[in-house]
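Peer 1: So the sequence lines, in the order shown, correspond to chains A and B. Under my numbering, think of the first position of the first sequence as 471, with each following residue one higher. Under my numbering, think of the first position of the second sequence as -14, with each following residue one higher.
Don't read these hints as lab results, they were simulated from the structure. Even for Gly, the Cβ is constructed at its ideal location relative to N, Cα and C. There could be a bad hint or two in this list.
Pulled from the structure, derived: some chain B residues nowhere near chain A, Cβ distances all over 12 angstroms [unchecked claim]:
1) D94
2) D152
3) E198
Here chain A is said to cover these stretches of chain B; the calculated rule only asks that three of the stretch's residues, wherever they fall, bring their Cβ under 8 angstroms from a Cβ of chain A [unchecked claim]:
4) 30 to 39
5) 73 to 83
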Amino acid sequence: MLGKILGDFKQERIRTGLVVLAMALGIAGFCAVLSAYGILTRELNQGYLATNPASATLTTDKIDDALLAAIASNRGLSDVEARRVVSGRIKAGPAQWRNLTLFVVKDFGKIRVSTLQPEHGAWPPATGEILIERDALQVARARIGDMVTVKTAASQEQALRLSGSVHDVGQAQARMENGVYGYITVATLAQLGEQPFLDQLNILVAQDRFNVDHIRNVVAEVRKSVESLQHPVRRVSIPQPGKHPHAEIMGLLLLAMSGFGFVVLALSGILVVNLLSALMASQVGQIGVMKAIGGTRWRIARIYFAQALLMGAAAILIGVPIGVWGSRELCRYLAVFLNFDIGSFAAPAWVYLLVAVIGLLVPLFAAGYPVWKGTGISVREALADSGVSSNVFGASAFDRALAGMSGPFRPLLLAIRNSFRQRTRLVLTLITLSASGLFFMSALNIRASMINTLDRLFSAKKFDLSVSLASMYPFEKVERALRNTPGIVRAEGWITTRASFAKGGGGGAAKHGHGGGAPTNDGFVVIALPTNTKLLTPEISEGRGLLAGDTDAIVLNSALASSEPGTQAGSTVTLIMGPGQMSWRVVGIAREPFSPATAYISKEYLEQVGGHDGMANSVRLKLEKTDAASIDSVKASLDRSLEREGLRALASASKLESRFSFDQHMLMIYVFLIVMAGIIGGVGGLGLMTTMSLNVLERRREMGVLRAIGASPRIVWLIVVAESLIIGVLSWLLAALVAWPFSRALGSVLTVLMFRTPLDFSMELIGLVIWFVVSVSLGILAGFLPAWRASKLTVREALANS
Amino acid sequence: MISLRGVGKVYDSPAGPFGALKNVDLEIAAGEFVAIVGKSGSGKSTLLNMVGGIDRPSNGTVTVGDTPIQRMSENDLALWRGRTVGFVFQFFQLLPTLTAAENVMLPMDFCRMLPPRERRARALELLDRIGVADQANKLPAALSGGQQQRVAIARALANDPPVILADEPTGNLDSQTGDAIFRLFRELADARKTVVVVTHERDLSGIIDDTVELVDGVVVPGFRVRHAG
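Start from the sequences and build out the full structure, keeping to the hints where you can.
Peer 2: Here you go:
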C-alpha cells in the first residue's frame, strides 16, 4: 500500500506539490490568526491584570486622608488609591499645542492600583518634571530631556522638563487618539497653578474581582460612605473586570479573522478534490485490477484517503512554521496598535492541536466524495474502461450552445470550449479564484463605504475647528476674541456637559464601544446648541431636529438611543446633569455612525433653566482655509486672542484630526481584508495551475494532434494560456456579480462587530478594474508553466499518450 | 516524392536501447498509394512518423519532396507538416470541442494558406467531396465512426497537401466503412496525392499501388509488391 501511495506521489509530484503548497498556505493563514488570537487575548489580559487595574473609579471633590482612610477600612476593598485627571495642553518647541491628559499621582513610588511601568529616563518624576506615555512621545513631538510647555484650565503656561517615559497599559494608543498622556506629582500640579488636590478614588475589590455584580454592590457601599462624609460623588466608572478595554473587540476581530482563515483552509481543500478526482479517473483500470484480485472498496479507498492524509500532514509541516511566523508579525502589529508588550509569543497548545486536526480533516473530507465515487466502480466497468471520459463534450445542451458560438479564430474557440469541458473542476477552481476577488473587492468597497459613512457624518458638521474652553465664559468676551482672530468665517458658542440616565445604582459595567457605540456608565455628552445653528445639520432618522422655541426637547444620537432599548421619538427620559435631575422629551433620533453617545438640547432653554445666560464653554468655528497649516495658524492666533480677553482654550480638535482615529481603525480592517485576498489569491492561483496541469495531462493526445496538423509549439502554448486566462476572467465575472451583496454583508458584519454601527454602502468601481487586471495576470501566470510543458511535448510522445 | 536513406531509430527503454527501425531505404513516387504492413511492433507507425516529421531518425535521412526534414526546427516542422502532410489516425482524433467544419478549418488557421474568408467555404467543399457535408455543424460526439473518419480525411486535405499519411485508418471501423475509406484514398491517389497507409488489411489488391512489409524494423527484401492498378 505504501509503495503505491509513494509511486502515485512520484508520478504526480508537481501537481501534488502544488496542492500541498496551496494547503500549506491555507494552514499558514489559519494558524497565524488562530495563534494571534490565543497569544493576544492571553497577553492583553495578563499584561492588563499585571497593572492591578482598578475595579472602579469614583470621582468626588478634594480627597483628604480621612476620606481615604475611611474608604480603605471598607472590608469589601483590598486597596484604594487617590488620583486626579486634569485636562490641558502641551507643546514642545515650536510645535503646535496638543491636547493633554494629565494624571496626577501622589507618590509614584507607591502606586499599587493601575500601576505604571517606567520605560526610559527618570522614575519617579521630580517636582517640575513630567513623564509621558511612551506612545505619546511621537504625538508630543518631544524627546526625553526636552523642556515642554504645559497649561491647564487654571494655570499659566509652565515649562516642565520631560524627564522620562512610562507605559500605561490601560490607555488607548496615543497616536490613535491624537492626544498626549502625561504623569506628574501633586507638587508639580501646584507648580502649574492648579489646586493641589486629588479627586479620584481608584478602588480594588477584595474578593470576586471579576464579578461585575459584586463590584457594583461594593461600589454602591463605597459611594454611600463617600457621600456620608460630605463628599459628593460626581461620576462612577466600572470597567469590564479583568479585561483590557480593548480585549473584547480584539478577541472578536481575531475570531472573525480565524473564521476567514478557516475559509482559506477549506478553499485549499478544493484542490484536493480536483487532484484526487483526476487521479481516480486515470486509475480506473488499476482499481478494477485491485478489485479483481480481492481488494474491497474500503481497502482500496484507504489507499487514497491515506494519500489525502499525507498531503495534509505535509501541508501542516510546511504551513505551521509559516503560520507561527505570521502570528508573530500580526501580534507585533496589533500590539503596537493597542500599545502593549507581548511577554511570550508562544501559542497555546490548543492552537496547534486545532490546526493539526483541521489541517488533516480538511483534505480527508475533501477526498471523501471523489474517493468513494471512484472506488465504487464495478470490476467489469473498471476493466472495460477505455480511458475515454464518459463526459463527452457535446452530450449536454450547454455544450451544444457553446458549439453554436462561432468565430473567425478556431484556436481561441478551442480554448473557450476547452475551459468548460471539466465543469466540476472548473466550478471548484472558480470558487477559490472568485473568493479572492471577492475579498479584494470587499476590502475596497468596505473602505469606500467607511469613507462614505464618515463623509456623511462629517458633512453634518459644518464647522472645521472645535475648541473646548477651560470654563464657562461669557460668550460676548469669546466673540471679541474671535473677532480679533483672522481666518474665521462663522462661530457659535455651545455648552458641552455630561449626563447620565437617571436609573439604577452604580450602573452597569462599561461597554467599550470603540469609537462609538454604547455609553459607559460615565454617562454621555450633552451638547446645548442654538436651535438655529448653522454649524450642525444632523441627519435625523426619526422624529425631528431641534426647533426654535423648543424647551424640554432633546435629540439623541443613534449610539445613545440604542443604549436605551425602547427609546424613540416621543419617549421621555430623565437625565442626571450636574447636581439635579431633569425630564426631557425625545423629539428625534440623529443618525451618527461611529460616534460616541451624544444628546443635543436647546442652548436657549438651558440658559433659561440653568442660569447660563449668554455663556459658553466651547466654540465651533468655520474657517476660511481648512488645510492643516491654516488650522494650526488659527489655533495659535485664537489662543492669543483668548488670552488677551482673560480666557483660556483647554483643548481643540479640527475635523481632520477627528477623522484620523477613524481612519486608523479603518486601515486595520482594510489591511486584513487585503492580506486575506492575497492569501486566497495564492491558493486560487495554485488551484488554477493545478487545474491547467490536469487539463493538459488529460489532453496530451489532442496537443499531439494539433501539432500533427500544423500547430507550432507557440500556438499550443497560446491555446493553453488562453484557456487559463478565460478561467481567470470567468472568476472575475463571478466575483464582480457577487461583490456588491457580499461586500455589503461582510462590511456590515465587521463594522457592527467593531464599531456597533452599520455602513452607508458604496461600491468602489476601480476595484472591478484592478481585480480584472489581477485575474488576467493570474490566469496567464497560472497557465504559463502547464502551457510551456504542453508546448515542449514531442508530437510522438503526445500522440502515444492514451 | 518520399525518400528514406539508411533510416534507423533507436528508443531508450527501461530494458535498454530498442531499435524500432534499422537501416531502412525506401522510395515512394508522387501519386503512389502505398500500404505498409507488418505485425504489431514491427516499426510501421515509426516509419510513418519519420515520413510525417512526427519523429526524427536516429540516423539516415528523410526527404519529402525536395525537403530533408530531419534537421528542421519544431516550429518549421509544424508549418511544413501543416502544408505538406495530411494525417489520418486510427481513432480519428477530431478535436471534440470543435464542429466537423471547424476541425477541417483548423489546419488552415495554423498554416494560413487561404484567406480567413475562404476557409469555411473550402471546409464545406471538402466535407461535401468526402460525403459528410450535412454533418458540418455537428460536434464529433454526434457523428458515427465512419463519419468521423471522413471528417478526419477532409481535415487532412484542408491545406491541399501532396502527401496523405494514415495510421490504421480503418482499424476502428466496420469492414464496409473501411472499404469506403480505402476507396476514398484511392481517389486521392488518382488525383496525384501520395498516400501512405499503415494497415493490417491484407486484401487490398486493386486499390493500392504498392505494399511494403516490415519485420522487426527492417523492410523485408524483395517483398515490395506492385499491385495492378
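Peer 1: State for each hint whether it applies.
Peer 2: To see whether the hints hold, each was checked on the structure:
1. D94: violated (5 angstroms)
2. D152: violated (9 angstroms)
3. E198: holds (23 angstroms)
4. 30 to 39: Per the Cβ count (3), the hint holds.
5. 73 to 83: holds (count 6)
Comparing the model with each numbered hint stated earlier shows that hints 1 and 2 do not hold.
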